[in-house]
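Engineer: Using the sequences and the accompanying hints, generate a full structural model.
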Amino acid sequence: MFSADLLANAVVSGLLLGGFYAAVAIGLAIVFGQLDIVNIAHPAFVIVGSYTAYILNSRFGLDPVLVGVLAAPLFFIVGVAIYRIYYAAFERTGQESLSGLAFFFGLMFIIEVTLILVYGVDYRLVSAGYSAQTLAFGFVDLPGRMLVPFVVAMTLTAAVWLYLSRTFMGRAIQAVAQDRGALQLMGADPVRIKQWAFGLGIATAAIAGALLIIIGPVEPSVGRQYIGRVFAIVVLGGMGSIQGMLIAALLLGVTENLVSTFYGPSWAPAVAFGVLLATLAVRPAGLFGR
Amino acid sequence: MRGWGFRAASAALLAAGLAFTELADNPYYFNATYVVLQALIMAVAWNILGGFTGYVNFGSAAFFAVGAYTTIFLQKAFGLPLPLMILAAALVCGLIGLAVGYLTLRLKGVYFAIATLAMGIVLETLVNNWSYVGGAKGTFMLTPDEHLWFDSYSEMLFMIMLVLALGSIAVSRALSSSRLGRGLAAIRDDEVAAECSGVPTLRLKLVSTTVMGAMMGVAGAPYPYFVTYVDPISAFNLFIAVNAIAMPMIGGTSHWAGPVIGALLVGSAQEVITVTISSELNVLLVGIMLVLFITLAPQGIVGLARKHWRKRS
Amino acid sequence: MSALLEVRGLAKRFGGFTALEGITLEVAPGERLGLIGPNGSGKTTLINCVSGALFNDEGRVVFEGRDITRLPPFQRARLGIARSFQIPKPFRSMTVLDNLRVPLEYAAHTRTGQRRAEDEAMRVLETMGLAARAQQNSAGLTQVDMRKLELARAMAAHPRLLISDEAMAGLSGAEVDEVLEILFKLNAAGITIIMIEHIMQAVMRFSQRVVCLDAGHIICEGTPDQTVANADVQRAYLGA
Chain A
-1 MFSADLLANA VVSGLLLGGF YAAVAIGLAI VFGQLDIVNI AHPAFVIVGS YTAYILNSRF
59 GLDPVLVGVL AAPLFFIVGV AIYRIYYAAF ERTGQESLSG LAFFFGLMFI IEVTLILVYG
119 VDYRLVSAGY SAQTLAFGFV DLPGRMLVPF VVAMTLTAAV WLYLSRTFMG RAIQAVAQDR
179 GALQLMGADP VRIKQWAFGL GIATAAIAGA LLIIIGPVEP SVGRQYIGRV FAIVVLGGMG
239 SIQGMLIAAL LLGVTENLVS TFYGPSWAPA VAFGVLLATL AVRPAGLFGR
Chain B
598 MRGWGFRAAS AALLAAGLAF TELADNPYYF NATYVVLQAL IMAVAWNILG GFTGYVNFGS
658 AAFFAVGAYT TIFLQKAFGL PLPLMILAAA LVCGLIGLAV GYLTLRLKGV YFAIATLAMG
718 IVLETLVNNW SYVGGAKGTF MLTPDEHLWF DSYSEMLFMI MLVLALGSIA VSRALSSSRL
778 GRGLAAIRDD EVAAECSGVP TLRLKLVSTT VMGAMMGVAG APYPYFVTYV DPISAFNLFI
838 AVNAIAMPMI GGTSHWAGPV IGALLVGSAQ EVITVTISSE LNVLLVGIML VLFITLAPQG
898 IVGLARKHWR KRS
Chain C
711 MSALLEVRGL AKRFGGFTAL EGITLEVAPG ERLGLIGPNG SGKTTLINCV SGALFNDEGR
771 VVFEGRDITR LPPFQRARLG IARSFQIPKP FRSMTVLDNL RVPLEYAAHT RTGQRRAEDE
831 AMRVLETMGL AARAQQNSAG LTQVDMRKLE LARAMAAHPR LLISDEAMAG LSGAEVDEVL
891 EILFKLNAAG ITIIMIEHIM QAVMRFSQRV VCLDAGHIIC EGTPDQTVAN ADVQRAYLGA
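Chains as they are written, first to last, in the numbering used here: chain A, -1 to 288; chain B, 598 to 910; chain C, 711 to 950.
Hints listed in this document are in silico derivations from the structure and should not be mistaken for laboratory results. There's no promise every hint is true.
Unchecked claim - Some but not every residue of chain B turned toward chain A, in silico, with C-beta under 10 Å:
hint, residue
1, Gly651
2, Phe709
3, Ala710
4, Ala712
5, Val719
6, Leu723
7, Val730
8, Gly731
9, Ala733
10, Thr736
11, Leu739
12, Thr850
13, Ala854
14, Gly884
15, Ile891
16, Ile898
To be verified - With a straight-line cut-off of 27 Å between C-alpha atoms, the simulated DSSO-like cross-links for lysine-lysine are:
hint, chain 1, residue 1, chain 2, residue 2
17, B, Lys673, B, Lys734
18, C, Lys799, C, Lys895
19, C, Lys895, B, Lys904
20, B, Lys705, C, Lys799
In this text, a Cβ means the ideal position worked out from N, Cα and C, and glycines have one as well.
Structural biologist: The structure is reproduced here in structure tokens:
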């Protein structure tokens, strides 16, 4: 059944979804795109962000987005700590490829199982004033629970992009990916910069997690669905390009939503990974890669 | 282990296994050992690509599950005997390993690892949507009546698994001391230098992924008969993938005995914990052990043992 | 006598940056060729294109009359091109001896037949003066031994053309002499050698002919004395 209405709504909600995906992927875009650290546990941290929003929302009635922003500094510190361990154990000895990957895999697993042990496998929700509201533009619906995350996600992406391109630390992060040696000559410590970048990546997970639980209910294994999405987005967008990441995120959101609407939601998980495999096979540098 | 020593040990283990089936009655023992042996085959298989060649595979569960679903499909379509199903699973999963390798092995190892994750999800989604083998609802497998001279079907499955496990260890061991194995080790140590030393790196890596895939498919082929009910969530379970990585890393990836030691130790510990405490805690413990070993003892138990002996002498 | 190696009109670009352009040179069988040039002039890039680690964008690489431009590195190794790396890349999990088994069993395999690889490896190690270290793990070697291992490994591939990429960087005078002596010995046994070096006295002593690169172009080709006297070469090294 094909109707312009359905198509338009599918595309629009795909864009809203894609915008949200950008918020989830941006942490990885920094960490993997700039620093070549394969943190496949990133979605797991996003889920922790979701649970943080859930706890403070159900206990104190705080708005989830607010919780995300407040929790971000804490997540930043956690990120720094994890990077220090990763650096000491792997980067210094040059073992990143095999052991580093397995490290984050194990971490992801630990996070997911701990959440199951503490909170069980029930779905958790938040309640926010705008969740139930919908803005309507003609035949196109903009549900509040998608629109607000979209707006916050766009703000977050813009903020990170500005940070990376305008501030000293941000530019240092971009530089450390390209030329460690030059950076050291400038007197900056690559380790400190990477540490900062990793912390930043995890901090975005706090906010992304809050947005996730606004969009829909969350349980511990939901994170796994996002592994494919975030890697597909970062690889398709091109390593090191935030703009590329955004475009890839929007593309993925729309594609996934179209597939879901016209072929059924059970095919949706394969879209991201299919995109990823196709990108790796055809043009590994992505759309805007360096 | 010298050649005759290994063969003698294998023969002895087979004999012990047979004796066990005669003497023991409680099906729990056979089921528990089956699980450990299954994990052992997966660990040995993973290590061929992971430890020997240096490429990390996150999608082990997918190969395992495809092996299981090959059995289910063949059972529904043709009703073949189990040995043929095992062969078919090896073929199918070997081909999948070859295909995934061909698509991604020309890129950096990191992209290969991510691609294996991707492949896993894609395959799981395909199976989820394939109603002939049960789709998301899963499917039941009736236990056949025929179980040769054994007292029960589960005893026969245990023996089959023991044979397969010993076979996979033999393959891994032969590989590690062969010219092919040295080529793989060169790829792992320095792929560029290996290529410039005349090693056809892409070809060898494809051999590695194919062998690994086939072995994992073999591990999964008898699974439907073991559990009698299979659904995609349990067959593609991430835990299988974590174990496949954790056991070799804990045991030691550079030696063929590493995944064996890791599987026996970790597998037994898991059985004990699952029975005495809980299965979730068991799963958590594997994750923690994996992370601890990777960060503190990256050479695994084999590495620790080597260091110990080196200090002594 | 036809050339062992011919490079015709070779060019290599990385995005907007032209690393090599219009490179044409020949290496005669049994020759000792020195390849010099300031840092960033493209020496290693040229070597990478010859050995196959990189594929050139334009031009041809012809070895023993056969066009190898599109062949992958491992096939070029099997045809008889071997190289050592500027920064040594040993197979760290293996002993010194096993490091040599790999090229013996793979690159040299089709050309020397089924002789026992271990004996052959030991002979190469003896030539290199590394026989005492045969069972030592390759990761724990001294700098000069690492360099020798690099050369030994290239030798174990039974090459007809050996490319040594700054094998003497950072070595003391006596160590440079050691390595140079090995290279002379190998050349006497019939192996064509291209040497990339910054240590001028080594290049001058060793080379029969010298090619000088600067910013991706050949700026001079001739005997060592001619090259040293050449104004372009002096300008390249010392600035305008």
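Engineer: Each of the hints needs a verdict: does it hold here or not?
Structural biologist: The hints, checked one at a time:
1. For Gly651 of chain B, the shortest C-beta to C-beta distance to chain A is roughly 6 Å, which falls under 10 Å, so the interface hint holds.
2. Below 10 Å, beta-carbon pairs count as interface contacts, and Phe709 of chain B has one with chain A at about 9 Å; its hint therefore holds.
3. With its C-beta approaching chain A no nearer than about 5 Å, Ala710 of chain B sits inside the 10 Å limit, and its interface hint holds.
4. A distance limit of 10 Å between C-beta atoms decides the matter here; for Ala712 of chain B the minimum to chain A is near 6 Å, and the interface restraint holds.
5. Restraint check, Val719 of chain B versus chain A: the minimum CB separation of about 5 Å is within 10 Å; hint holds.
6. Because the smallest distance between the Cβ of Leu723 of chain B and any Cβ of chain A comes to about 7 Å, under 10 Å, the interface hint for this residue holds.
7. Hint status for Val730 of chain B: violated, given a least beta-carbon distance of 15 Å to chain A, over 10 Å.
8. A least Cβ separation of about 14 Å between Gly731 of chain B and chain A goes past the 10 Å threshold, and the interface hint is therefore violated.
9. Nearest Cβ of chain A to the Cβ of Ala733 of chain B: about 7 Å, under the 10 Å cut. The hint holds.
10. For Thr736 of chain B, the interface hint is violated, the least distance from its beta-carbon to any beta-carbon of chain A being 17 Å, above 10 Å.
11. This hint is violated: Leu739 of chain B has a C-beta 27 Å from the nearest C-beta of chain A, more than the 10 Å allowed.
12. Look at Thr850 of chain B: its Cβ gets to within about 8 Å of chain A, closer than 10 Å, so that hint holds up.
13. Interface restraint check: Ala854 of chain B against chain A, minimum CB-CB distance 19 Å, threshold 10 Å, status violated.
14. Because the smallest distance between the Cβ of Gly884 of chain B and any Cβ of chain A comes to about 4 Å, under 10 Å, the interface hint for this residue holds.
15. Checking Ile891 of chain B against chain A: minimum C-beta separation of about 5 Å stays under 10 Å; hint holds.
16. Taking 10 Å as the C-beta contact cut-off toward chain A, the hint placing Ile898 of chain B at the interface is violated, the least distance being around 15 Å.
17. Distance restraint check for Lys673 of chain B and Lys734 of chain B: the Cα-Cα separation of roughly 16 Å lies within the 27 Å cut-off, and the hinted pair is therefore satisfied.
18. Under the criterion of a C-alpha separation no larger than 27 Å, the hint pairing Lys799 of chain C with Lys895 of chain C is consistent with the structure, at around 23 Å.
19. At roughly 40 Å between alpha-carbon atoms, Lys895 of chain C and Lys904 of chain B are farther apart than 27 Å, so this suggested pair is violated.
20. Among the hinted pairs, Lys705 of chain B with Lys799 of chain C is consistent with the structure: their alpha-carbon atoms are about 18 Å apart, no more than 27 Å.
Violated hints for the displayed structure, listed by number in ascending order: 7, 8, 10, 11, 13, 16, 19.
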